[in-house]
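Chemist: The task is simple: from the sequences and hints, build the whole structure.
From first to last, the protein sequence lines are chains F and U.
FYI, in our numbering the residues of the first sequence are 9 to 627.
FYI, in our numbering the residues of the second sequence are 9 to 627.
What the hints contain is simulated information worked out from the structure, not anything from laboratory work.
Pairs involving identical chains hold if they fit within one copy or between any two copies, as the list cannot separate such chains.
With a cut-off of at most 25 Å between alpha-carbon atoms, the simulated PhoX-like pairs for lysine-lysine come out as follows:
{"no.": "1", "residue 1": "LYS331", "residue 2": "LYS300"}
{"no.": "2", "residue 1": "LYS155", "residue 2": "LYS115"}
{"no.": "3", "residue 1": "LYS353", "residue 2": "LYS520"}
{"no.": "4", "residue 1": "LYS258", "residue 2": "LYS520"}
{"no.": "5", "residue 1": "LYS115", "residue 2": "LYS167"}
{"no.": "6", "residue 1": "LYS370", "residue 2": "LYS541"}
{"no.": "7", "residue 1": "LYS136", "residue 2": "LYS258"}
{"no.": "8", "residue 1": "LYS155", "residue 2": "LYS167"}
{"no.": "9", "residue 1": "LYS329", "residue 2": "LYS300"}
{"no.": "10", "residue 1": "LYS611", "residue 2": "LYS580"}
{"no.": "11", "residue 1": "LYS353", "residue 2": "LYS323"}
2 protein chains.
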Amino acid sequence: MLLLARTAFRLIHRSPLHPTRSASLILSAHTRRTHTMSPDPDAIQLEIEQQKARFNDLRKQGAAQELVDEAKKSLGDLQRALALAKGGAAGKDAGKKRERLMLKTAKGTRDYSPAEMYCREHIERIVKDCFTAYGGSCLDTPVFERKDILQGKYGEDAKLIFDLMDQGGEQLALRYDHTVPLARYLAMVGANNTHSKLWQVGKVYRRDNPVMSKGRMREFLQADFDISGTWDPMIPDAELLSLLCTIMTKLDVGEFTVKVNHRKILDGIFEVCGVPAEKIRSISSAVDKLDKLPWVEVKKEMTDEKGLDAAIADKIGEYVKHKGGPELLEKLNADAALTANKSAKNGLNEMGILFTLLNAYKVLDKISFDLSLARGLDYYTGIIYEAIVEASAPPGFTEANALAAADGTAAPAPAPKKSKKPKAADGEEEEVDESQVGVGSIAAGGRYDGLVGMFNAAAAAEGKKAHELPCVGVSIGMDRVFAIVWPKWVEKGMRSKETMAYVVSMGDGLLKERVQLVQELREAGIKTDFLAKNKPKHQAQFAASEKDEVPFAIIIAPEELAAGFVRVKEQKWQFVDGEKVKVKTEGDKGTQVRREELVGWLKQTTTLAGWSSGKLVEN
Amino acid sequence: MLLLARTAFRLIHRSPLHPTRSASLILSAHTRRTHTMSPDPDAIQLEIEQQKARFNDLRKQGAAQELVDEAKKSLGDLQRALALAKGGAAGKDAGKKRERLMLKTAKGTRDYSPAEMYCREHIERIVKDCFTAYGGSCLDTPVFERKDILQGKYGEDAKLIFDLMDQGGEQLALRYDHTVPLARYLAMVGANNTHSKLWQVGKVYRRDNPVMSKGRMREFLQADFDISGTWDPMIPDAELLSLLCTIMTKLDVGEFTVKVNHRKILDGIFEVCGVPAEKIRSISSAVDKLDKLPWVEVKKEMTDEKGLDAAIADKIGEYVKHKGGPELLEKLNADAALTANKSAKNGLNEMGILFTLLNAYKVLDKISFDLSLARGLDYYTGIIYEAIVEASAPPGFTEANALAAADGTAAPAPAPKKSKKPKAADGEEEEVDESQVGVGSIAAGGRYDGLVGMFNAAAAAEGKKAHELPCVGVSIGMDRVFAIVWPKWVEKGMRSKETMAYVVSMGDGLLKERVQLVQELREAGIKTDFLAKNKPKHQAQFAASEKDEVPFAIIIAPEELAAGFVRVKEQKWQFVDGEKVKVKTEGDKGTQVRREELVGWLKQTTTLAGWSSGKLVEN
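Modeler: Below, the structure written as structure tokens:
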């Protein structure tokens, strides 16, 4: 009934718990197969990556040396198998062997396990809460669009668009970002919606080379906020920058900077330096690489590849090395050559207004006016920005995501592991480990006053004036945010679900009584669970409640229940020597509570009243 | 820069406000075109549907007769144009005419406007809250899967799978439901996750013929909850049915029934009646049509199409006409022929356990044991169920969604309209209008004990025993839910965003002061907005705050502010003659509040303290 994928390799080890068995079987399988079929080097490479992750995992968990050695041996075997396969084993035949299904997600995609989703939901909640705090309304557009809507918007990157197969009907493609569907929507709504603050949270798709551990994937979540309409200069732009700073602060991503520049200033600089008009966009793209390449490389691209005069390139180099705050603006305003340029003058004026507003928003200290920021997309027409977080994807994240390989083999990541490092005391700042500091762009955006107009013009009747709608927006890369927040979340020992009570029976099962109590608690808004067994041992029930770190065990016993009582035992966890362990409560029989008073009793506890998903359950 | 879609028709009227101009232009355009190019009948048909919606809209809004007549005339013109086009106008030439982009979403998909999304978020919040109340954890899988993961799971419906284009690499397809990706995930996790309660909320895709007004689309949102693992009989099944009833009740979808049947009982009935083993699944499919077709039709399918003996069909007919509660179970238990069948006996025993549990869960009154329920999918192995809501997609919804045509032309639906009908007083039950009652399945599910094992078997090495993992789950059709909840939401006059305060300046703009106050309120958790203008008139600011129905206008004026005060004016809306109107407060100058006490003052108001997204702001 199943169609099976072709794969040369017969062994997929699903469980990291049995590396030894896998290792030995792989070799024998390989030995057998080299005679009959050509092993696929890609499949072996895949196994190698999986085995590496498993090996690292075992080491990290401090597994027995024997297990670690076995895993290492298996890795060696695989690497030899790869060498053999690349050498080109002869023959091509599936023989009588049944082809096996590869249990994996598509390349560049992954599952998010419950523990990870609990963290992601926490992140989404903060972002959406900020979006609505700033007056935003939610918009939802389809995951795929008609291909002609997306075409002509992404320049060279258009090759990264995922197309749907032509199954008769429209040509469709998966959305590449939220900006173009939003502009399409705004053009469709037309005059009915000339002013809006809209947010979108949803997945977008790019056929790029994935780097899973850095949150760079083919399917990824973006959260966008856009303000449309003709307003007074820079007020919506300042709202967005303030919103971005608020979100970054609330997400606790650590130190961050928002680089800001203005397309008009940049264009003015190019003109003043003498860049021919037709080269401005391509020279701008070269400047955009300054965050990754040194100036000599960028200059080389300008002169050698793009044929710019070296003297002109040097002039540009003098300008784009500048970054700073309002004092840089003053300096540029004192540059007579620049202020004589209409575009630059215009941009400088707007930056002045922006700085004044950002001061009122109290976010000026987060902003870096950076003349080297150019941003790739063609459609920006005003300010552009990019948020950079000092600590992006530290090793902790890479380890936690080791199973989510770049090829999408993704066995789901495990539940948060016990942290080896105690949480810093409240209010105490943890020291930054310099070796773990990276730099990554986590959000970006800018003003695009022409995009909606482009749609209107393309859709308008000949000779009809196309309606323009100025817009400014920001996109937050939620997977990058997750890459930064998740290791902290694991380290803090966060829970992975929000069940607050677990009903446990002593004695003869009491299934009906358990169900009734569970339902009463749920109806009262207390998230409650129980063990789906008729007559479970109380140890099994407590174990289940502890696995989920449920703060309240509600114990029912026949006699007590008959007398109208239940017993509540609070369960707590704490860090001991860096390990999260349950606080021992031997001899604690819990508190006897009248059954009909149970809901009220629970609700007045500080544990329940003060609960939030972002809170560590600890002493 | 844009690639433009081919379209024969030169006029797309984006704005429903100008039907007259469109009408006249269409005819002249048509006249011109018949000589030079062949008009596309599909494009005209599309325009006809749009124009129909517009015409209905105008009538509904009680527009001037002249406008209505013009729209009607335009409709007639289009219909004549269609007849002409179908008659086959000669020639095929685009001439010098510029091809125009069609601004629309893909067929069977639509945008959800902010007002609609506010309602959808409310629905999602309730569903997710119930999922976690029942101990569920969230899982997220990619929107597309490797094609071989989906293949062989959907029988005939596999033709409805959306494939991605082969762009080099894997064969991919959009997910068709959440069940198969979940089973793939559970198979991948293997022994690490033998017991779980997992929920998923996400979009799934089917290349079906859309009926947009009924919430039947090509892209639609499903909310799934699944329990995996070996538990005692029927306890997880009862949990799921209780969960389903809780959700339906909290969503306030109106009267509903959950039809329940058991595959083993059904199979037993077929065996007892004498259906040959190889015909059981196809006869079961025929039975599944009993909710749409009368018995004579179904019998005809069994005998004429599927070659079943008429006497056997009649015996089946005797059984499947039964529906009821525990008394039906008693009756079947007294049927010696049936209880002698092993499969039936097994199923009857399980139904007995289920009824006892459902009684403890207090949902027995919502359940209908219905022997005609068969469910299409092959993989169900135990109980199966389907939730039916009495009132599905009443006319109000169809009207509200008139612009979201089945072809995806979807200008986004308008913000909730003023209701013509006053809301019933609290606690008073509204009379059911029989003419508006429909029947629709809004959720469905069942037990599938073999699916994870299928994946394991397909992925396992030869001769290796495949690990089985019993599962039971439910899928809620969120677009069907929306189709039912949305018209009620509109009728109640619900708000479409949650901004709570709007800062208004009197006098000289006070932009900096407005920004500072707005930020203070936002930081205090009060969702606040202001007009992005330097020196807006106070009328414009009040109008903006009223458009969003913001409950508090915070007024700042130079002198008062200098003295340390602001003024708070509460804004309320009420229904007068079925129209939602702002409560007049002439002469009300608002309340003077110390600026530094403003946050505390607002937070102690009942309006703010009692606010929730599902609450109507009214007197």
